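Assemble chain X onto chain F, guided by the hints.
Protein chains: 2
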Amino acid sequence: MIVKKIADVEAVSVQMDGAKDVRVRVLFGPKDAAPTFALRQFEIAVGGHTPFHEHPFEHEVVVMAGEINLVTEQKEIPITVGDVVLVPANEKHQFQNGSSTEMAKMLCIVPVEYQK
Amino acid sequence: MIVKKIADVEAVSVQMDGAKDVRVRVLFGPKDAAPTFALRQFEIAVGGHTPFHEHPFEHEVVVMAGEINLVTEQKEIPITVGDVVLVPANEKHQFQNGSSTEMAKMLCIVPVEYQK
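Residue numbers (the working numbering), protein chains in the order written: chain F, 67 to 182; chain X, 67 to 182.
It should be emphasised that the hints constitute simulated quantities derived from the structure, not laboratory data.
Keep in mind the model is a prediction, meaning the values are calculated, not measured.
Certain hints may be false.
If several chains are the same, the list does not tell them apart, and a pair holds so long as it fits within one copy or across any two.
[Unchecked claim] Listed next, the in silico PhoX-like pairs over lysine-lysine satisfying Cα-Cα at most 20 Å (straight line):
# : residue 1 : residue 2
1 : K86       : K97
2 : K158      : K70
3 : K70       : K141
4 : K86       : K158
5 : K70       : K86
6 : K141      : K71
7 : K71       : K171
8 : K141      : K158
One chain only, chain F, in its complex shape (with noise of 0.2 Å):
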């Protein structure tokens, strides 16, 4: 049994290409032994965003704070507390906050073997 505080979990600069203002908390992961899927929370700073790419894996995405923007080939899509998504493998995806005041926190949760 493993318990954390999200806050005592370091949040470090997303470094990825098109990363702009992004911090990752990886809560539970391979340094952890989390056999199937690693559970992340990633804060968007006011003026942030992740990259808009894909990759050959789903996301399952919780928004926990402030407002997002999500980012598709074909539209955007405003979220926010309350609101999950799933992003199936190899569909563009962007997160950008949408606020110009607020931190925008969410989880983020992938198959374990692409969290390094």
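Using the frame of chain F, we list chain X on its own:
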């Protein structure tokens, strides 16, 4: 891309032996073609609890509202908003509402093959 509001997903009473006053919303699971893991929200009423049980797969849990007593074979651990738990396979566990006034809510993620 599937976007849902948690409140729009049907809450179903959990009928397992040992469960009391628990409802579940399957946010993403087999019906959404989730490939690897299922995302559920459990809602435990005042006085309610999940079964004290074990199973051959892990949980990853995120407390979303209220106060929860996490019961293991060794001890009880109070958890609340901001806490996350990895319950390894084959470890006994129970989630009890720890408040006398407030509904407890938690996300619980499992390998999708265990979500019926």
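Against the structure, the hints:
| no. | hint | in the structure |
| --- | --- | --- |
| 1 | K86 with K97 | neither (26 Å within a copy, 34 Å between copies) |
| 2 | K158 with K70 | between (32 Å within a copy, 18 Å between copies) |
| 3 | K70 with K141 | between (37 Å within a copy, 16 Å between copies) |
| 4 | K86 with K158 | within (17 Å within a copy, 42 Å between copies) |
| 5 | K70 with K86 | neither (27 Å within a copy, 26 Å between copies) |
| 6 | K141 with K71 | between (35 Å within a copy, 18 Å between copies) |
| 7 | K71 with K171 | both (15 Å within a copy, 16 Å between copies) |
| 8 | K141 with K158 | within (11 Å within a copy, 45 Å between copies) |
When each numbered hint is compared with the structure, violations occur for hints 1, 5.
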